[in-house]
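Chemist: Given only the sequences and the hints, what does the whole structure look like? Please build it.
Chain residues, written in single-letter form:
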Amino acid sequence: MADTVPRLRTAGYNLYYGSFRALRDITIDIPENSITAIIGPSGCGKSTFLRSFNRMNELIPGVTVTGKVLLDGEDIFRADVVALRRKVGMVFQRPNPFPKSIFDNVSYGPRIHGTRDRGVLASIVERSLRDAALWDEVKDDQQKSALALSGGQQQRLCIARALAVEPEVILMDEPASALDPVATMRIEELMQSLKQRYTIVIVTHNMQQAARVSDFTAFMMTDGFRAGNLVEFGATKQIFTTPADSRTEDYISGRFG
Amino acid sequence: MTRKGAVESAMRTVLLCAGLASLLIVAMTGIFILREAMPAFREVGVWRLLSGSEWRPGQELYGLLPMIAGSGLVTLGAVCLGLPIALGCGIFLAETAPGWIRGVVKPSIELLAGIPSVVYGLFGLVVLVPAVRGFDYPGNAGFGLLSASIVLAVMILPTIASVSEVAIRSVPDEYRKGALALGSTRWEMIRTVVLPAARSGILSAVVLGLGRAVGETIAMIMVIGNSVMMPSAMGGPLPGIFLSRARTLTGNIAVEMSYATGLHSSALFATGVVLFVLIMLVNSAARALMARNAGGGRG
Numbered sequence: 001m002a003d004t005v006p007r008l009r010t011a012g013y014n015l016y017y018g019s020f021r022a023l024r025d026i027t028i029d030i031p032e033n034s035i036t037a038i039i040g041p042s043g044c045g046k047s048t049f050l051r052s053f054n055r056m057n058e059l060i061p062g063v064t065v066t067g068k069v070l071l072d073g074e075d076i077f078r079a080d081v082v083a084l085r086r087k088v089g090m091v092f093q094r095p096n097p098f099p100k101s102i103f104d105n106v107s108y109g110p111r112i113h114g115t116r117d118r119g120v121l122a123s124i125v126e127r128s129l130r131d132a133a134l135w136d137e138v139k140d141d142q143q144k145s146a147l148a149l150s151g152g153q154q155q156r157l158c159i160a161r162a163l164a165v166e167p168e169v170i171l172m173d174e175p176a177s178a179l180d181p182v183a184t185m186r187i188e189e190l191m192q193s194l195k196q197r198y199t200i201v202i203v204t205h206n207m208q209q210a211a212r213v214s215d216f217t218a219f220m221m222t223d224g225f226r227a228g229n230l231v232e233f234g235a236t237k238q239i240f241t242t243p244a245d246s247r248t249e250d251y252i253s254g255r256f257g
Numbered sequence: 001m002t003r004k005g006a007v008e009s010a011m012r013t014v015l016l017c018a019g020l021a022s023l024l025i026v027a028m029t030g031i032f033i034l035r036e037a038m039p040a041f042r043e044v045g046v047w048r049l050l051s052g053s054e055w056r057p058g059q060e061l062y063g064l065l066p067m068i069a070g071s072g073l074v075t076l077g078a079v080c081l082g083l084p085i086a087l088g089c090g091i092f093l094a095e096t097a098p099g100w101i102r103g104v105v106k107p108s109i110e111l112l113a114g115i116p117s118v119v120y121g122l123f124g125l126v127v128l129v130p131a132v133r134g135f136d137y138p139g140n141a142g143f144g145l146l147s148a149s150i151v152l153a154v155m156i157l158p159t160i161a162s163v164s165e166v167a168i169r170s171v172p173d174e175y176r177k178g179a180l181a182l183g184s185t186r187w188e189m190i191r192t193v194v195l196p197a198a199r200s201g202i203l204s205a206v207v208l209g210l211g212r213a214v215g216e217t218i219a220m221i222m223v224i225g226n227s228v229m230m231p232s233a234m235g236g237p238l239p240g241i242f243l244s245r246a247r248t249l250t251g252n253i254a255v256e257m258s259y260a261t262g263l264h265s266s267a268l269f270a271t272g273v274v275l276f277v278l279i280m281l282v283n284s285a286a287r288a289l290m291a292r293n294a295g296g297g298r299g
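These protein sequence lines map, in sequence, to chains G and E. Using the working numbering, you'd call the opening residue of the first sequence number 1 and step up by one each time. Using the working numbering, you'd call the opening residue of the second sequence number 1 and step up by one each time.
Please keep in mind that the hints were generated in silico from the structure rather than gathered at the bench. Possibly wrong hints are sitting among the right ones.
Stated by the list, open to error - Here are the simulated BS3-like cross-link-like pairs (lysine-lysine), alpha carbons at most 30 Å apart as the crow flies:
#1 Lys177/E <-> Lys139/G
#2 Lys177/E <-> Lys195/G
#3 Lys177/E <-> Lys87/G
All values derive from a computational prediction rather than experimental measurement.
Modeler: Written as structure tokens, this is what we have:
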């Protein structure tokens, strides 16, 4: 890991729902241009942790945090949240295209950020759809409602929509859990091609998926007080072959979770 | 048949009768009004009733156009004034209101819906009419379309506000999260994603408000002036038309029914038929919109 630069970093990060501590003291360096998978049993706080990077937890009433989350060395809690979310895109568990046309979905981000020119928007849409490996399937039908696409296509559309604002980081919250195996495979291939230019953090409950796609793996678990914490973080190969912590080994060998 | 089975089938019959009864009542009302209106339709003619601009029962002139214009304009005015406030209210309640404010505002809107219309009329009479009279404009008497539009705007506000609140609330949260995650502000999210997704629900809220507006009677009689005349700007600029006195279709019936006989009486029933058809159109528009809303036509 020494040859990579951390793009995202947390230090002594805690998150509370009211008085309940959901995340405890998480410190992690996520390297750029790589895929980092966050794995762990249900309820260990991995999705909550993922949402910390674009401050989506703030939508939940009663959430407070302590400690630091840094993007390129800057404290994200001091940054403008709109600017932060431009840099840190997100793909959700269930595909959530807007009830608009394919074109309007992908051009949504650039448009709210001030791009008006139709030609510019069209080229952004094309580039994003190409990057999301969806262009060939929809290029002649961009005015069609996004809701008419299949689930897998919708998810790739959501990825294209996130790419259109040119983020640095893409957060993916179990992006394939609602998809069939073929669509899942396409998303995984897509992630491989995207990591050349983006830093990707993916939450998955599927250990095979984590092993297949990620470069680094973070294993989270709840402690005795039901607060999620980071058990082990390292290169995926090492985590899956020679884990340092016995709990990691128990989990990946399927002894619990 | 077992005892349970007997109760079951009796229940079904009772409920069926109740359902049929309402259908029967609507049909009977329609037929009755239509039958009473027939002489007017025969002797005056449907087209002359609808397009005639003179209503002078003494001279056997029965043109409903001034009342159609009056009802139309006052409804238009009410929607123009009421819709922005009502929609703002709906958005506020559904999207931004903190719990305790919502707990105060929502019941008061519901209360607004429950106030008898004659009370709104009184309010219009003692507050709005004198205030509108303050505008220096030739022929302005305070009574007229503007005062009536304001009263009506307040009366349709609760309908539009609560129906559009429900429509906005039913927009899936995934859309909101998607928009926010792309870096939109809360207002951008509401304007570009939530409202378009709730569009057909909001439209049906407006149409329901229209239905209420077209049917309102007593409050209109109290503030609109009731003169049988084509609303006009009285020589001034076009918006001045709202300072004109007018009469609504509903008011036409209520004001004259007590002394009407013969053809005059039948012409008032014909006014009722026109209202009946108008409301039917409005309601089916609302139903069509809501069906589209429910049927996955979320675009």
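Chemist: If any of the earlier hints don't hold here, list their numbers in rising order.
Modeler: Of the numbered hints, all hold.
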